[in-house]
Amino acid sequence: MPDAVLLIAALFTACLGMAWLALAMDVHWKQVCGSASPSPVISKLLRGLGFATLLAALLLCLEADTATMAVLVWMMALAVAAVTVAFVLSWRPRLLAVLLPWRRPTAR
Amino acid sequence: MFPNFRLSMTWLHTWFGLLLGFVLMVAFFFGSLSVFDREIDRWAIPATRIEARPMPSFDTTLAPIFRTITDPDPDELAAAKTRVSQPLPDKLAVMTWSAFTTHRDPVLRMFVEFKVPNSPLPDDHIHGSITIDPRDGKQLPENRLAIGSEFFYPMHFSLHLNWADIGYWIVGFAALAMLAALVSGVVMHRKIFREFFTFRPNKKIQRSTLDLHNLSGVVALPFHFLWALSGLIIFAGLYFPVLGTMMRPLAAAQEKLEATQTGLDLEPSGTPGTLASVDGMVAEAKAMWVERGVPGEVGFLIVHHVGSSNAYVSVYRDNTDRVGGGPGLHFQGSTGKLIHEDPPEGAVSTVNSFLIGMHLQRFKHWTLRWLIFAGGILSSVCIVTGLVFFVEKRKRQHSEQRRSGARWADALAVTTVTGMVVATLAILVANRLLPEELAQRDLWEKSTFWAAWALCLVHAIWRSSAVLKARTSPAWAEQCWAIVVLAIGAVLLNAVTTGDHLFKTLSEGYWPVAGTDLMMLACAALAAIAARRLQRRATAAARAVDQDSELREVRHA
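Going line by line, the protein sequences match chains B and U. Residue numbers 14 to 121, in my numbering, belong to the letters of the first sequence in order. Residue numbers 10 to 566, in my numbering, belong to the letters of the second sequence in order.
Looking at chain U on its own, in the form it has when it is part of the complex:
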């Protein structure tokens, strides 16, 4: 099909890059924002702008609240009803209670798993969750959308397309294509080392775009590779579900064997039992960590077989000082005695938890957090420049042949690059403008996001007719100006509606809000520079065309 290997790699890189570049852009841009998801949450929910705090007492604070969570998430319940043979009972049995926190969380997320009876799926369950203020145990209002952790973060791996997990599959396929694009990119690139530091901003757009594509691609190659790979590994169970399908009997036998060895029962006993002091178990766990020279706080706590005589409690450290996870400690619920400790991880498991930990970043290391954010931005730059290069390389030829391929690629590129930033800022602006007590406020916020994005698509398609004449679409510059207005608007609205203006947050050193504001201002500045440069270039090009036609007229005269 192709005369040589390099050309076949070029074909792969070009077309898979174009097709999935749009998806990758979403994954990497929102992935980068997810590095600071908790900080964006603080910006979006002003009532939670308080210092992060450790897990509160289970016995006095958490246990009474867990007992009040009796209803699963309505969407999950509706989905569960479709997969069972008999109608579900009014109250579902509680399987587990759990709470998760990190060193960046001032609020605590609490989860309850409910058993779905008569389901064809093994261990079928649905969730109920609430978020509380750990200072007084009060539940946060339900209609407050944590834009960072509940909207941007799931966007980067599911695109919010939850039907049949289709979004996860699209992103997974894109990550796989990214791995292929990296390998083929290295094969195509003839001067990896000779042009390692090369960026020539003053050459023609096509050349400088390719320079930036190569630069951002090559210098952060390990980052691109490791993050696409670890993203795939995190959802390996979804993409490659053999343990739940083909190998289910083997996996079930293994689980059973492990349960007999560890003493941690797989199923509730059926006889009711009482729960000893979980605070006592936590104190014992903390004492063990101190003894081992790794003192720490609790990150994750889970009670299995709630209310049953064989209930057990697993306590995990928050592991702020390491990349991977740590061993869990498991206590007998009725007595509070330690019954099992996870053994040290083997080689495969260590690598696995390192890759996953690196992607999830639960550690406390702000330098590394920022560096990883920078890596995500470099990936985004690499994808954007790839898309722009695709258009630049073809637009003249397509214009002469009266083909519209470059135009459509450009319109989609505008939508996924500047349009996505516009939508991101639009949801933050909506978050500050919508009345606090509005019913389904979260739905309004999400709708603003999608509406803004759709508007950007329409605008990009409308303005991209310029590409048909081999010019740059004015949509790029215009949407950059929209970014400037929205970013500055969001910062001002935050100051007006919450009183937490930059002078205050900076002087108090409250970084979650100060940082979000500063990043939006930086984004506005960059967008303004980009818009001005684009427009200056466009005027210069238009003048050149005018002079050209004048000269022609003079010659004809």
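Bound conformation, chain B alone:
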């Protein structure tokens, strides 16, 4: 795969991972779903999924560049991804509902 595709995938994956980590938290789950907290099982699952996805982002970075460069790209991608997720939660939290495909959209 060309490096550009790998890097775009890595950035996207980092955002995805950060979003799932956020959804594992009560406050942000409420912002996104409107309902009470996620069940402990779901919360744990989301956290695991989040960390696994961040790890996948690292693997994508490692595939694209030499290790020293890849670690830097990953570190910076995580920072930018976390800010992106925080801003989405501030202004358009509902957008993150697509990351919970097994939930039917709550009627409001």
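Just so you know, these hints were derived from the structure itself, not from any lab. Be careful, since some hints might not be right.
Said to hold, decoys possible - Here are some chain U residues the structure puts well away from chain B; computed CB gaps all over 12 angstroms:
#, residue
1, T77
2, Q95
3, P115
4, N211
5, L241
6, L247
7, R257
8, G272
9, D274
10, S323
11, R331
12, E409
13, S474
14, P483
To be verified - Pulled a few chain B residues facing chain U out of the computed Cβ check, cut under 8 angstroms:
#, residue
15, A35
16, T79
17, T81
18, M89
19, A90
20, A92
21, A95
Backbone N, C-alpha and C fix where the C-beta goes; we use that ideal spot for every residue, glycine too.
Chain B is fixed; fit chain U onto it per the hints.
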């Protein structure tokens, strides 16, 4: 002094943050711009808007030009005259010739080191340098200021205060304070993980500012830490000069021993010699890189002991594919034979060159470059919100107690945040407006920068009286509007004076100029949004105060 550890950390964070926050703001803002210094140079010197190209031939292009550089920089020469015991000769002896380029440079910087005789300092030398267009070897006019690499970049580590290196020391102290602020910030912050993603823009200003301060501080914590640290490491020799002072005899003995092992003499032999084909040495170096599976171009080339029989030439790869540096290849000047190759780096040296390489970003990786720029902006956001929070937290109390501390902090914050952006845009506008043939054009550009900044300070102090009444200073919004006008003005002036408007640069894919223009437009848009929000908030607050006083009047009636 303090009842507990957390409070003592809070004290440290608050006061060192306030005192050095202004310096850090300059370091991180201009540091962020320096990530794209070469691109800003292209914007500022339209004659150099050409594709980047590799190092030209030494034998046919560079060598004749080096021979014409016979005079050192006048400022450096004047400084050197003050530190020698005897008058300097008319022509100083040449020590080295060197040329440096990166994958982003269409022009080539060439340097000559001149020996300063009878100086108390070891290896005392001063520099002469010129910039050439590598296509025809012609020198660029001297009065063209490379605003990115010669003004913004040195600003971020020296503040352009060169007397006794005072600027370097201030920035170094600020970087040290930043490391302390990061540690104390983590200690103070009770909910690092619980509020990792928390930003509540619609709460009170004090709350949302603190949210943004914590968010930008925590998510980019490794960036803040590593960049402040690597910045200090780059100037470690200046801040901690033991090798030139206390341990000079030991260091000199080590240098001598290394010279005997490597065959690279420390001093010129004293007998004149000729230089073999440097192009041949470069070809051999390139062949060696290909053999090792790392083909590449020359990034740095230096001739030591110019004109001497023991001259040697060091060739370094441009290392576009890695963070740290690579080993240098050293050739005998008279024969062109390889005499020494730097051994692989040890552990400490590897970490050192990784940290320095990460800070200097010579690599070719545009994603990482942009991510690092984003990191610099996050640092800036963290510092700004820290300053704003300081004011927000105190202004009501100070207003009631009739104290002016918050007012002065706010005026300085306005100057270092919006004022600095105004000054940055002002120098770019001046760059497009000043006549091309103006004598000392570069000096005029720099003066515009400082004048604009000083004006912003005066404006900020004048308007900050609002803070005395616990309101937001209107200077914030007003300087935001100045940013909008100047940013759009700079983009338009570039289009008018050079013809390189955005439609052209974008369709041709000439990113250095297109990117600079687009960033200025983005900056204008953000400033406009900020100004509108600030003014809407101010009107709402004023209305609330009016209603409040009306109610009081009704009650009194």
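Here is how each hint holds up against the structure:
no.	hint	in the structure
1	T77	holds (40 angstroms)
2	Q95	holds (50 angstroms)
3	P115	holds (24 angstroms)
4	N211	violated (8 angstroms)
5	L241	holds (19 angstroms)
6	L247	holds (26 angstroms)
7	R257	holds (34 angstroms)
8	G272	holds (31 angstroms)
9	D274	holds (34 angstroms)
10	S323	holds (24 angstroms)
11	R331	violated (6 angstroms)
12	E409	holds (32 angstroms)
13	S474	holds (33 angstroms)
14	P483	holds (26 angstroms)
15	A35	holds (5 angstroms)
16	T79	holds (6 angstroms)
17	T81	holds (5 angstroms)
18	M89	holds (4 angstroms)
19	A90	holds (6 angstroms)
20	A92	holds (4 angstroms)
21	A95	holds (4 angstroms)
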